[in-house]
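A.B. asks: The lines below spell out each chain.
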Amino acid sequence: MTTSLLIHRAGPAMTVQDLGRPGHMGQGLSMGGAADRTAFIEGVALLGQSLSCAAIEMAAFGGEFSTTADIRIALTGAPMKATLDGEPLVWNASHLVKAGQRLSIGPARTGVYGYLHVGGGIHTTPFLGSRATHLTAGIGGVLASNQTLPIGPDSHRGDVGKTLTPEARFEGGSVRVLPSVQTDNFPGVVRTRFEMTGFKRTPRGNRQGVELVFEGRPFATGEQLTILSEPMVAGDIQMTGEGIPFVLLPECQTTGGYPRIGTVLPCDLPIVAQATAGSALSFRFVGHATALQTHKSPEQILAQLTTSTRPLVRDPRAIRDLLAYQLVGGVVNALEDDRME
Amino acid sequence: MLVTFSDVLTDGANSAALAFRAAVEALGLDGVSETSTSLTSTFVTYDPLLLARDALRARLQELTEDRVWSAAPLPTNRVLWTIPAVFGGEEAGPQLEEAARLAGVSPDVAVAELCAKPLRVMTLGFAPGQPYLGSLPKNWDIPRQSGLTKRVPIGAITVAIRQIVLFSTSTPTGWRQVGKCGFHAFRPNAPEPFALKPGDEIRFRSVSDQDFANLQAGDQSGDGGAIREGLG
Chain A
1 MTTSLLIHRA
11 GPAMTVQDLG
21 RPGHMGQGLS
31 MGGAADRTAF
41 IEGVALLGQS
51 LSCAAIEMAA
61 FGGEFSTTAD
71 IRIALTGAPM
81 KATLDGEPLV
91 WNASHLVKAG
101 QRLSIGPART
111 GVYGYLHVGG
121 GIHTTPFLGS
131 RATHLTAGIG
141 GVLASNQTLP
151 IGPDSHRGDV
161 GKTLTPEARF
171 EGGSVRVLPS
181 VQTDNFPGVV
191 RTRFEMTGFK
201 RTPRGNRQGV
211 ELVFEGRPFA
221 TGEQLTILSE
231 PMVAGDIQMT
241 GEGIPFVLLP
251 ECQTTGGYPR
261 IGTVLPCDLP
271 IVAQATAGSA
281 LSFRFVGHAT
291 ALQTHKSPEQ
301 ILAQLTTSTR
311 PLVRDPRAIR
321 DLLAYQLVGG
331 VVNALEDDRM
341 E
Chain B
1 MLVTFSDVLT
11 DGANSAALAF
21 RAAVEALGLD
31 GVSETSTSLT
41 STFVTYDPLL
51 LARDALRARL
61 QELTEDRVWS
71 AAPLPTNRVL
81 WTIPAVFGGE
91 EAGPQLEEAA
101 RLAGVSPDVA
111 VAELCAKPLR
121 VMTLGFAPGQ
131 PYLGSLPKNW
141 DIPRQSGLTK
151 RVPIGAITVA
161 IRQIVLFSTS
171 TPTGWRQVGK
181 CGFHAFRPNA
191 PEPFALKPGD
201 EIRFRSVSDQ
211 DFANLQAGDQ
221 SGDGGAIREG
231 LG
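As you go down the protein sequences, you meet chains A and B in turn.
Here my numbering is used: the first residue of the first sequence is 1, the next is one more, and so on.
Here my numbering is used: the first residue of the second sequence is 1, the next is one more, and so on.
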């Protein structure tokens with residue numbers, strides 16, 4: 001019998017994601033897939049499974065879940081407060097969830113996109129080779145409360161209790177940019193000012209892209225409104241007609257007529273995706289040689305992350321039996337301060 | 001890597017981009033993961049771990065010199081769609097008057113010009129299956145808006161820079177909406193999700209609100225009352 005994941009309560013923007021469906025740009029369909037691909041691969045590494053296993057992406061808010069049989073889960077991406085039947089669960093780790101237990105995931109404490117991975121993956125019907133929901137294309141949809149999702153067969157049952165330490169990327173930062181086709185349309189002084197400018201992410205953003213604000217004049221080229229639409233990819237930094245930058249994410253359009261000043265390196269794109277409204281971001285250009293050094297295939301990233309997983313050593317503060325002793329006053333408060341990780 | 005045949009849209013440059021893409025596919029280079037076309041360019045996605053940038057550039061350069069790409073024939077098995085549409089009005093074409101003014105004609109003349117002849121699907125892009133149609137007469141070389149329209153519906157007929165974009169999804173846009181049709185260019189539940197391919201042609205036919213409503217009633221196909229003919 002197929003194991004099911006029951007969604008008792010869904011946050012407002014939960015979707016099924018994997019690494020997306022490449023190969024359809026020529027038909028106007030962007031690759032899509034997890035907004036934070038690194039976080040997605042971290043979950044795959046923690047569960048020791050295939051990159052094709054889909055997960056649930058939770059934008060800013062989690063939800064409540066249970067399953068019809070014992071399953072393994074991993075929690076990655078934007079850290080959220082997670083409990084299993086009220087017991088705190090460590091983020092960036094894999095755990096066992098028994099049939100009927102209630103998994104509760106709260107709002108993100110920092111960052112935007114958290115991921116709930118299940119052993120065997122979410123087993124919805126693939127479309128063009130991927131299970132990734134593509135909201136702007138109308139492929140799949142936002143997950144709803146009381147929805148049930150099938151879970152695939154898990155080949156590593158019982159293998160839980162692993163953790164890894166993700167690279168910091170949940171509070172903005174400096175992002176590397178590769179010059180692209182239209183970079184030279186922006187005068188040198190404008191490109192320099194772009195690198196010198198401190199940006200902040202606005203609340204306006206989703207899986208298509210995020211808007212940035214800044215102080216100063218708009219970033220414009222001469223022929224801004226009449227250039228021909230050209231292919232675009234996730235990571236491109238597009239200047240709208242008003243000269244405001246939008247950084248494109250996996251559900252971006254495949255072509256666009258607004259000029260792009262450059263492309264964020266794939267390995268740095270999670271920093272942009274995970275930046276919350278108000279987070280500071282800055283950009284600096286790097287050359288192709290540097291970009292090439294950072295470039296890794298999903299398989300290479302997975303191999304690297306797999307070697308970096310380690311056994312989860314439980315923090316004594318998080319063990320309920322210890323709390324019963326009331327060793328120190330305020331321990332319970334410490335838990336509620338979300339000091340699990 | 002982008003190979004651009006022209007900075008301005010011409011039928012020749014568009015044909016060149018389509019034919020060049022087919023030729024790159026035919027090369028079957030290891031490390032090329034995907035190819036696509038925009039209006040006048042061929043875009044080659046590659047894995048720099050498998051194929052060095054300089055090597056790809058050299059191969060593509062060599063290929064550009066192989067023949068006169070602008071004289072290349074269009075793809076075979078092309079289709080002409082005649083699509084009924086409503087132009088103008090608050091819901092279907094809220095920016096018809098503004099667009100007509102920019103094109104220097106009355107709204108009536110504008111509709112006549114937009115429906116005058118079949119337009120080529122120059123490329124699919126922006127959203128799944130979404131066609132960029134051209135080319136319109138020179139007076140339609142009008143800019144996009146500097147701001148964005150919050151949302152246009154599926155089937156929105158929009159204009160800018162001598163082209164029509166027929167929206168396949170509901171999305172914000174900088175293009176001005178002049179009309180609306182019931183043709184779904186992307187059909188996620190159909191066996192063939194993409195209704196159009198580059199090289200196909202579309203001719204719009206202006207109909208009344210009532211005729212439009214009748215044509216849409218009960219349409220399950222996604223064609224929205226459109227008629228399909230082979231172009232050979």
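Simulated from the structure, these hints should not be mistaken for laboratory data.
Values in this document were obtained by computation on a predicted structure and should not be read as measured data.
Positions of the beta carbon are idealized from the N, C-alpha and C atoms, including for glycine.
A couple of the hints might just be wrong.
[Stated by the list, open to error] Label pairs and their in silico Cβ distance ranges:
| hint | chain 1 | residue 1 | chain 2 | residue 2 | range |
| --- | --- | --- | --- | --- | --- |
| 1 | A | A280 | B | S208 | 25 to 33 Å |
| 2 | A | S145 | B | D11 | 37 to 45 Å |
| 3 | A | T2 | B | D11 | 49 to 57 Å |
| 4 | A | T125 | B | A52 | 32 to 40 Å |
| 5 | A | Q300 | B | D54 | 31 to 39 Å |
| 6 | A | T202 | B | P137 | 49 to 57 Å |
| 7 | A | D70 | B | D209 | 29 to 37 Å |
| 8 | A | Q300 | B | A112 | 17 to 25 Å |
| 9 | A | A99 | B | A52 | 25 to 33 Å |
[As the list claims (entries may be wrong)] Which residues of chain A face chain B? A few of them, derived with a C-beta cut under 8 Å, are:
| hint | residue |
| --- | --- |
| 10 | G26 |
| 11 | L29 |
| 12 | L178 |
| 13 | N185 |
| 14 | P203 |
| 15 | I244 |
| 16 | G278 |
| 17 | S282 |
| 18 | V286 |
| 19 | H288 |
| 20 | H295 |
A.B. asks: All hints, please: hold or fail.
C.D. replies: Here is how each hint holds up against the structure:
no.: 1; hint: A/A280 x B/S208: 25 to 33 Å; verdict: violated, 55 Å
no.: 2; hint: A/S145 x B/D11: 37 to 45 Å; verdict: violated, 52 Å
no.: 3; hint: A/T2 x B/D11: 49 to 57 Å; verdict: holds, 53 Å
no.: 4; hint: A/T125 x B/A52: 32 to 40 Å; verdict: holds, 39 Å
no.: 5; hint: A/Q300 x B/D54: 31 to 39 Å; verdict: violated, 22 Å
no.: 6; hint: A/T202 x B/P137: 49 to 57 Å; verdict: violated, 40 Å
no.: 7; hint: A/D70 x B/D209: 29 to 37 Å; verdict: violated, 59 Å
no.: 8; hint: A/Q300 x B/A112: 17 to 25 Å; verdict: violated, 58 Å
no.: 9; hint: A/A99 x B/A52: 25 to 33 Å; verdict: violated, 52 Å
no.: 10; hint: G26; verdict: holds, 3 Å
no.: 11; hint: L29; verdict: holds, 4 Å
no.: 12; hint: L178; verdict: violated, 11 Å
no.: 13; hint: N185; verdict: violated, 11 Å
no.: 14; hint: P203; verdict: violated, 16 Å
no.: 15; hint: I244; verdict: violated, 11 Å
no.: 16; hint: G278; verdict: violated, 23 Å
no.: 17; hint: S282; verdict: violated, 25 Å
no.: 18; hint: V286; verdict: violated, 14 Å
no.: 19; hint: H288; verdict: holds, 6 Å
no.: 20; hint: H295; verdict: holds, 6 Å
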